[in-house]
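Protein chains: 2
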Amino acid sequence: MTDEFEIAQRNRVRLHADRGNYDREVIYQIIDEAICCHVAFVEGGQPFVIPINHARSADRLLLHGSPSGRLMERAQAGEPLCIAITLIDGLVLARSAFSHSVNYRSVVLFGRGYPLTSDDEKLQALEAITEHLVPGRWAAIRRPTASELKATAVVAMPIESASAKIRSGPPVDGKQDRELPIWAGVLPLQEQPMPPVADPLLDPGIPVPDHVRHYRRK
Amino acid sequence: MTDEFEIAQRNRVRLHADRGNYDREVIYQIIDEAICCHVAFVEGGQPFVIPINHARSADRLLLHGSPSGRLMERAQAGEPLCIAITLIDGLVLARSAFSHSVNYRSVVLFGRGYPLTSDDEKLQALEAITEHLVPGRWAAIRRPTASELKATAVVAMPIESASAKIRSGPPVDGKQDRELPIWAGVLPLQEQPMPPVADPLLDPGIPVPDHVRHYRRK
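Chains as they are written, first to last, in the working numbering: chain A, 3 to 220; chain B, 3 to 220.
The set of hints was computed from the structure by calculation and includes no laboratory data.
This list has only true hints and no planted wrong ones.
Copies of the same chain look alike in the list, so a pair counts if it fits in one copy or across any two.
Straight line, CA to CA, 20 Å or less: simulated SDA-like cross-link-like pairs of lysine to any residue: (1) LYS220 x ASP61; (2) LYS177 x PRO146; (3) LYS220 x ILE90; (4) LYS220 x ASP34; (5) LYS152 x SER103; (6) LYS177 x ARG145; (7) LYS152 x SER70; (8) LYS177 x ALA153; (9) LYS177 x ARG144; (10) LYS220 x VAL28; (11) LYS220 x ALA141; (12) LYS220 x ASP91; (13) LYS220 x GLN194.
In isolation and in its complexed conformation, chain A is listed as follows:
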């Protein structure tokens, strides 16, 4: 196995090809940092795209949801999926309108899903998805019962093809614009946790655990 995804028609970064990256590790880090992904599928020629939580297990993306949801229906049926994951790092404010941009790290993944059916596999996937959302959470909570497992569809999508696209750094204005008396630079953006809000029904004697108090995304 190579460390890069093969460049083919569907995953080739066409615009700003210099921002394209096919490295498995780079792609996997973006997948692992993001809270949610956007899954696209086709139903009768009509595209759909739906946000959902995910996790990665080796070279597979894991998704879960109600078996009767539109997305899980299509994913369980093994139809072609495309999944985008996008992290916004900042606004790139140039001197010219044309050179405005965004600093981002994004991936686009292609594959087909298949349902996980055994309780063991489903449980492992739900653990991965929970730990992806909040590392340390799984050990603290009440695990799924048999009937909850039954009510949850879990799909694994082996990542057949993928690419990342990344922009970072300052604005790049044309030479003749650089002398303009206009402020240019980057406004970084970060998704940050605010102080936790206890469930109103919570026994006030139960303290905020470390995995919540010290939460940060990667």
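On the provided structure of chain A, position chain B as indicated by the hints.
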């Protein structure tokens, strides 16, 4: 014109129907707050989904990009699009794994695009997209030249059909789980601006303008 989008097959919120919302104002506020959207389209039966900046002008979504990009090609051709916009507001930490969730405000939009062709229309759309990203920016920057306008494709997509899906508030554990000695609550997340980073090429005498210094979403 009613204030709600008609509920039909493709925009009906099937899962957690109580979280569904078809109100035009609710949907438009989510569109206006988000920095980017994810656009899905179909090419030879294969779904694609790509992140891109947007703006809203009345009942149309505006997109721009290079005319040779895959997305702009499909959008200019008037093929069916589906656009998802997702704001993550917090992680919902329940006592049971099964009741974990995310607080979010999301919309899914359906329509077909058409290219804007006159310089005036394109300029207005680029102003809207720039102002959507950073309110107050357009007045401060060097406007697009005729050749820059030519190099930029702009597509308007009238929003034919849409729905929002919103979850907020504390976790909802089953009755028998509420007595478990497990911390439960919400960890709010907010996308926040960090201190601006000037372009290394910037004349240090140029101060950070108010529209950057006081930047906030919405």
